[in-house]
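Visitor: Dock the two chains into a complex; use the hints.
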Amino acid sequence: MADFDLESQDGRLEALRRMVTIRAFDEEAGDRFADGEIPGFVHLYIGEEAVGVGTCAALKPDDYIASTHRGHGHCIAKGLDPKYMMAELYGKADGYCNGKGGSMHIADVDAGMLGANGIVGAGPPMATGAALSIDYQDRDQIAVGFLGDGAVAQGQVHEAINIAATWDLPAVFVIENNHYGEGTPVENQHNLDNLSDTAQAYDIPGLTIDGMDITAVAEAVSEARDRARAGDGPTIVEAETYRYRGHYEGDEEPYRDDAEIERWQERDPIESFRDRLIDRGELTVEEFDELQADIEADIDAAVEYAQDAPAPDAHEAYEDMFAEMPPEIERFASAARTDGGRPGGDR
Amino acid sequence: MTAQVESELETETEELTVREAIRQAMREELERDEDVFLIGEDIGVFGGVLEVTGDLYEDFGPERIKDTPISEAGFMGAATGAAATGTRPVVELMFSDFTGVAMEQIMNQMAKMRYMFGGKAEMPVTVRTTEGGGMGAASQHSGTVHSWIAHFPGLKAVAPGTAASAKGLTKAAIRSNDPVFVFENKMIYEQRGAVPTDEDFTIPIGEAAVEREGEDVTVVATQRLVGESLETAENMADDTSVEVIDPRSLYPLDIDTIVESVKKTGRLIVADESPLSYGTHAEIVARVQEEAFFSLDAPIQRVGTPDTHIPFSPPLEQEVLPSGDDVREAIQRVT
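As you go down the protein sequences, you meet chains W and D in turn.
Numbering-wise (my numbering), the first sequence opens with residue 1036 and increments by one.
Numbering-wise (my numbering), the second sequence opens with residue 171 and increments by one.
What the hints contain is simulated information worked out from the structure, not anything from laboratory work.
Where hints are given, some of them may not hold.
Unchecked claim - Here are the simulated lysine to any residue pairs, SDA-like style, with alpha carbons at most 20 Å apart: (1) D/K433 with D/Q459; (2) W/K1127 with D/Q459; (3) W/K1118 with W/L1326; (4) W/K1095 with D/G256.
To be verified - Take a look, some chain W residues computed to stay more than 10 Å from chain D by CB distance: (5) S1043; (6) K1135; (7) A1142; (8) P1160; (9) H1214; (10) N1229; (11) D1286; (12) A1346; (13) M1356.
Just so it is clear, CB atoms sit at the ideal spot from N, CA and C, and this is done for glycine as well.
Only chain D is shown next, with the shape it has when bound in the complex (with noise of 0.2 Å):
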């Protein structure tokens, strides 16, 4: 275990949802940080659509968790604008499948305002999302676009896959002076784990955990499908070790624990929801095939979305999302 775990583990710990972790570590930044307020679509009185901000709008009020117009090009836009005026606006994009809509102020400004600017503009925005399917949400509500922005140059990108992480990614993204994606998958909102209760317990971005340690063959598993990847794990154990890694960040990358783990493993799984062409897995691949390619003894595997969308009716949503069964489908093939 690294030593990054295991001093979370010693620290003071609740039991959290994911979905608590992330309202608490909002909660706990509005309270460190007047600069700090939230802007989107129905978080206030609403309580957000997936109930992540739930009441926070009761304790800090209209002032700084501002409801928006349906407008994403707008507030996306005015949250640039904000960042880089001197507030850290935190921004909720209601479902990533928005992305698009708001994809100009993203692009064009958020990103690549410090860099045109020779540094002299500050970008300290926070943009959460929520992405993912398995919930009947149809095609322009589950999908997962995080390789889209963890591609693009000027933007960084997390994808929590505990509660834990949840809690200390968000906090970093809002402590950060960088513009950070902070990736939610909706289906693990209601998954409970163990979170530290230290105000100024955050999670570095660009550092990964290994969630499990084994021997055999090294798991890359990305929100759902950590712990989805940590059952299979525990249910393979008597024939196969199973190291499961979450990189927590997608960038920055933390390549190096990955290529530890692979060259002592020799193979290598990564299970991300994405679509499985010229994304996040490929990075993960590419990277490691540089640096370890001699520590490789089998091709690696990917388990991802195949290229369709996801679609409503229930038996085809499961046919094409990726799980804890094509995890360990994977695992057979290379050991």
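So that you can see chain W by itself, here it is in the shape it has in the complex (with noise of 0.2 Å):
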């Protein structure tokens, strides 16, 4: 995959094209999602893109980052491709996970992406453990973590951070602050007004930046990674952020007016971006409208793709449950790999 940062022309480019895919992404997931097409439920991202892709434009390509509920735009930022995306989300064979893990669930180890995680504070562990990994075999990546404001007040959080600093592991703890958990204000979950105040616990360094201003999250993200590369252990960023769509879709958000939802969307981070692009003589409005527009093109491409994907046969339902099958899931997985049924006897 494509290296990209925001030093280059190129970089900062592909840097907007990938805040652009996401909110697309996201969008026409939410619409997806009320058509009744994408079963479960989706936590969508919009709003918050400048933190994923400002995360993601510090790093290498084969970093490692884990990601949270909240996590198709962590998947875009780091390269991962809309349409397996998509696919994942409808439940189809052809998904990253081969519709096993779907919205919460989306992972690609092999591009970096440690997966989306259903459990709030999930992300850090797994960082600690790649970067483990990483120093252990001494190898030249870092491993961030993802994690809301509300996995702050997380046992396994803080847990995770504290081996890290012990051990000066690389890895970034990148908090996304959009301001509630769930429904619940962040000042209702924390007697901290900085959640990056908690680093002082682990004598690390630990800053609080503006999480709509995209160049604010790759200057700081790019400095942790470089502390984290010279042994120097891990940084907490967090990124003052917000969601535009509620907890989860079909959230009626009786936590907040929408003249606060206004107030921030006032700074939007993809706007800003684009603005400043502009200004710069990097980018025209006409070639903005002509990026957004191939998104769409594409997004619906990856909506198609995804209808049309084959459903995963009955038998995927006992496939990767152990690198080695056992006789106890055997037995279900040949019956249906024959008649597409289960075998007799119990259940």
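Guide: Written out as structure tokens, the structure reads:
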């Protein structure tokens, strides 16, 4: 996958492309969920694009990220293909996880994406573990653990950061403070104004930055990456951001009003970055419109691909439990392979 | 005697305790594969609270024998993430009672990653932990929780009852690309037995051993109760011919070996230290009735811990812990 950073014009345009892709993907995912085409539930990343893309712009292609339940943006920021992501949301065989993960568990370990995660606070331990492998094998990589503001209250997050800090592991913890843990405001969940102040407990750097500004995110994570690679251990980067949509689609949002949403939208991360690139003469309005139209067409194509993709075969339900399938599962798998049904006897 | 046991006996062996056998298994695998490292609380300089890792730290150093903070969820999570990204961690969870502290990492991450990701994550992690009552360690350090893990999809569970199986199963667990829990019973660490010296000796996960052949009744026993059942069988030999099977693996379970035995004897005792309700005993009983219902000549008997925690006071502890005497009484009820 192509490397990109904010140092070159091509990199900046690629970052803009990824941000626009995230928004188009998630708007489409929201619509398709509302239409009943996408099963389960979806958590959309709209409004937070600068955090995921800014972070990944500061990473090398083979660095790891461990994501959250709101993971679509991280996937696209890391370079995953919306076509196979959409197929996964549709539960299709061609999805990244053969349809077995869905929105909350999209992963592509080979691309360094260690999975969206349905458990709040599960990303940091995963990142600490990846950083442990990197450190143990002396590889030139780092691991980023994304977490929301709500996850900062989780015990496993503390344990993961403590281990990474104590062992100087090459990890970076990016707190996406979107100001609500599900429906509860951040100030009702924590006794700190800046969640990055938790870093003091581990004697590591912690900084709170504007998460609506992709440049600020990329700079902070880049510095944290350098520090991690130098063997100086992890950094906590708190990016202040905002989700425009509910916690999940269908959330009636009794906990906030439209005026608050509009205040944040005035600082929209895509519009502000677009305008900056236009001001610098790196992009014209027409070129942006063209880019947006191209991306929307790509997302439409991804939806069509997902709609037409085959459903997984019945036996797929039994595959991938283990590297070596035990007889307890094999009898169900083999029955499903031959006639698509389940074996007799106990169930 | 099965071919498996015969071939084990034909190989060159040495006398080791269960503790030494597990340590030797780890030593050999650390030497064999540099992606293997140990991680847990006080397993380094301290040598492990029950002295299983012992002197490994002296030979392999802090990079490969990693002492963690007291942070079960943290290091279980780190081991899970490490296993998914190219290394092969061997976790020591000091007491199995601490499983609950790390359970989120075990059940929602370690057990589910490969499946949720459509097979695109490897999970070559071993978790060693110690179970069982008998040393006055009281309720939070004496539990037997292997039924939880064997029950949970996506995890494999083994529970050695002899020094040879302790070594062979530990090595198989470390070489496996699946998450495998090795449940060590703390009361048999000093039990001695012949252990194959071959560095490639492993016991396939999912293969039971017939430890003693008999005709009248089958005893399926695990961990400490393997040795105690063998002793009981020996003591009863004049009157009753007892076959003793150690399943060795709880999941997957080698039901074929058990069923074959029950078809011969018509009687079954299941002896396992875990609590009696909803667990290992029930699983074995259910599978035997599925495949050998019409071979049974008597009701199947269970020997286990009544549904209590393990009390501290030694006489109370002995009251609830299952023993070879309980196995004898169960045999006498059905023969």
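Visitor: State for each hint whether it applies.
Guide: Hints, verified against the model:
1. D/K433 with D/Q459: Given pair D/K433, D/Q459 holds - Cα atoms ~11 Å apart, limit 20 Å.
2. W/K1127 with D/Q459: violated, 39 Å
3. W/K1118 with W/L1326: The hint holds at about 18 Å.
4. W/K1095 with D/G256: Holds: W/K1095 and D/G256 sit about 18 Å apart, inside 20 Å.
5. S1043: Holds, because the least Cβ-Cβ distance between W/S1043 and chain D comes to about 29 Å, which exceeds 10 Å.
6. K1135: violated, 5 Å
7. A1142: violated, 4 Å
8. P1160: violated, 3 Å
9. H1214: Answer for W/H1214: holds, closest chain D Cβ roughly 25 Å.
10. N1229: holds, 24 Å
11. D1286: holds, 23 Å
12. A1346: holds, 14 Å
13. M1356: Check fails; 5 Å does not lie beyond 10 Å.
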